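Trainee: Below are the chains, spelled out letter by letter.
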Amino acid sequence: MARRYLLLLPAIIMLCQSAFGQADVYLKLSTSERRQLELGIAPLQAQDNKASPEIAAAAQKMLDIIGDDLAFSLYFKMVYPPSLLEGYGLKKGQLDIGAWQMLGARQVLVPELKQEKKKCILSLSVFDLGIQRQVFSKEVEMDGSRATAHAASDQIIKNLSGENGVSSTKIAFSLKSGKNKELMLADYDGGGFRALTNFNSINISPDWQPGGGSLAFVSFYRNRTDVMSLDLANGKTAIISQTEGLNTSPAWSPDGKSLALTLSKDGNAEIYLMSPESKELRRLTNSWAIDCSPSWSPNGRELVFNSDRPGSPQLYILDNEGANLRRLTYQGNYNTSPSWSPRGDKIAFVSRIDGKFQVCTIDITGDNFVQLTYEGDNEDPSWSPDGLHLCFSSSRTGSHQIWRMHWDGSAQQAITNNSGSYMPAWGPAQ
Amino acid sequence: MSKHFILIAMCLVLALSLGCFNRQTVKQEEPIKQPEVALQAPPVATPPAEAQPVVPKIEFKTIYFAFDSYALNEDGKALLNQAGGLLRSYPDVSLRLEGHCDERGTAEYNLALGEKRADAVREYLENLGVSRSRLSTVSFGKEKPAATGNDEASWAKNRRVEIVPVAK
Chain A
5 MARRYLLLLP AIIMLCQSAF GQADVYLKLS TSERRQLELG IAPLQAQDNK ASPEIAAAAQ
65 KMLDIIGDDL AFSLYFKMVY PPSLLEGYGL KKGQLDIGAW QMLGARQVLV PELKQEKKKC
125 ILSLSVFDLG IQRQVFSKEV EMDGSRATAH AASDQIIKNL SGENGVSSTK IAFSLKSGKN
185 KELMLADYDG GGFRALTNFN SINISPDWQP GGGSLAFVSF YRNRTDVMSL DLANGKTAII
245 SQTEGLNTSP AWSPDGKSLA LTLSKDGNAE IYLMSPESKE LRRLTNSWAI DCSPSWSPNG
305 RELVFNSDRP GSPQLYILDN EGANLRRLTY QGNYNTSPSW SPRGDKIAFV SRIDGKFQVC
365 TIDITGDNFV QLTYEGDNED PSWSPDGLHL CFSSSRTGSH QIWRMHWDGS AQQAITNNSG
425 SYMPAWGPAQ
Chain B
28 MSKHFILIAM CLVLALSLGC FNRQTVKQEE PIKQPEVALQ APPVATPPAE AQPVVPKIEF
88 KTIYFAFDSY ALNEDGKALL NQAGGLLRSY PDVSLRLEGH CDERGTAEYN LALGEKRADA
148 VREYLENLGV SRSRLSTVSF GKEKPAATGN DEASWAKNRR VEIVPVAK
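Residue numbers (my numbering), protein chains in the order written: chain A, 5 to 434; chain B, 28 to 195.
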């Protein structure tokens, strides 16, 4: 009698799990595990064909930004018309469903330029070819601002994929200016470039405070290293660490309550946690070796950092109380500049391979050492807030510029072209 | 016996289903905030005011280092022996020991390596009898190269500690 019930038990358990398990939503790192939506973008039309060439050009510019945002997001398989003929995919202003389906599209973004009460509006509708209905519509005011285009991209991404895009995020970095370096801010695609400091000194290592309201950075303004903070809204700066010796590599904890720092006030470079209000310090490392470059896990419980205690720089992990130290990297004899992915499972870093510096990733277990770059010297990787992309500096074109790529090393592209750009930090939308 | 099994099975099923109910659904709808368009560009930060110190006019030779190393070689030690002599003749002079690295390698790691080089020079001078209070160290990592080429000749000139006299 008992045995019969035992046999039923696993069946009952499985039934319950499958009945209620549908409610779970899980995030996957690899978008090859997630189906990309085949999305086409129809050519821009003007309502009643009335639009001056200037307005049409401005609208096309916004559309180009949106198209790039959608393609880069990794949520879509972009479907492009085979020719640049005006009006492709549209029959008398109506979507030619058959033509788009032949190209493999499942949804099509249809942009239209309208005039409403003396305002120029870019109307963006998404048409689903399967159910043959409009599934999304948004009207964007043509204010010529890149920010408006990026915001529209994120709304489209959210609506079509359910995910939060990074189209409005920013990258802070250090720009060479003669013998100096000043902090700059740009959109994640390199647009909207603006200066953050004008100190006539060397300013490096920007790090975003969670929330995006300020940056911590290292300044040589007083001919020594100080860690300063810069309020992005009003440009106000303050010195937050000026201990004897090194004050470098600021790294805000994900909850914003703690700032990790490299300080050498106790004899040599060690990692400390500073409480921003009280300025109280807690020491995490204790070794004759150089310990520097901390980066927090997204849950704030651990930090990965750089130590040369084995005789050459390698990556180590410890918890936020300084305990449970373990070595992460064993391949090669120079592994530095770690950055913990916001998704928690991978760490990006720099490894010296054949005398050159390359951006690599490794799982937090220490498995899967993957080299992502192959040309020039590539340094200081920083993850996008969604953990799907990386920015870094690369010297492969002859000068150091900021580059971006996806988490797997694909789509590598420069986003700056200037006198020399270094140490990027990818931050939240502003 | 069979009663026990039924009870355990029912408890398990209950526990599992309660566990299932606790799983949270991810909210799909979230309003996206439009970023505010600033009326004017936010101000660019200007530097805090600082007084400039007066620098005494003695010169010290630069000390050089091998790649990835902060060990003093024989040339370095000889130069520092001379420096020790000079410092005895000029008791009012203090030194700022500035450590540097070549352009290769991580900026942050190089700041620490530069400091180790400056510390090595300071320790040597202290052992010669120079009071520690006259010796301060600072590291510029790879940020202030003396030579800007991308070859070993330039790199060798950048792996250095500069000895800068400062007013006491």
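Don't read these hints as lab results, they were simulated from the structure. On a predicted model such as this, the values are computed, not experimentally measured, just so you know. Positions of the beta carbon are idealized from the N, C-alpha and C atoms, including for glycine. It is possible that some hints are incorrect.
[Unchecked claim] Quick list of the computed label-pair ranges, beta carbon to beta carbon:
#: 1; chain 1: A; residue 1: PHE140; chain 2: B; residue 2: ASP95; range: 36 to 46 Å
#: 2; chain 1: A; residue 1: LYS269; chain 2: B; residue 2: SER96; range: 17 to 27 Å
#: 3; chain 1: A; residue 1: GLY315; chain 2: B; residue 2: ALA174; range: 23 to 33 Å
#: 4; chain 1: B; residue 1: SER96; chain 2: A; residue 2: GLY217; range: 16 to 26 Å
Trainee: Hint by hint, note whether the structure agrees.
Mentor: So, going through the hints one by one against the coordinates:
Between PHE140/A and ASP95/B, the C-beta spacing of about 56 Å breaks the proposed range 36 to 46 Å. For the hinted restraint 17 to 27 Å between LYS269/A and SER96/B, the CB-CB distance of approximately 24 Å keeps it satisfied. Between GLY315/A and ALA174/B, the C-beta spacing of about 28 Å keeps the proposed range 23 to 33 Å intact. Separation of SER96/B from GLY217/A is about 42 Å and departs from the stated range, judged on CB atoms against 16 to 26 Å.
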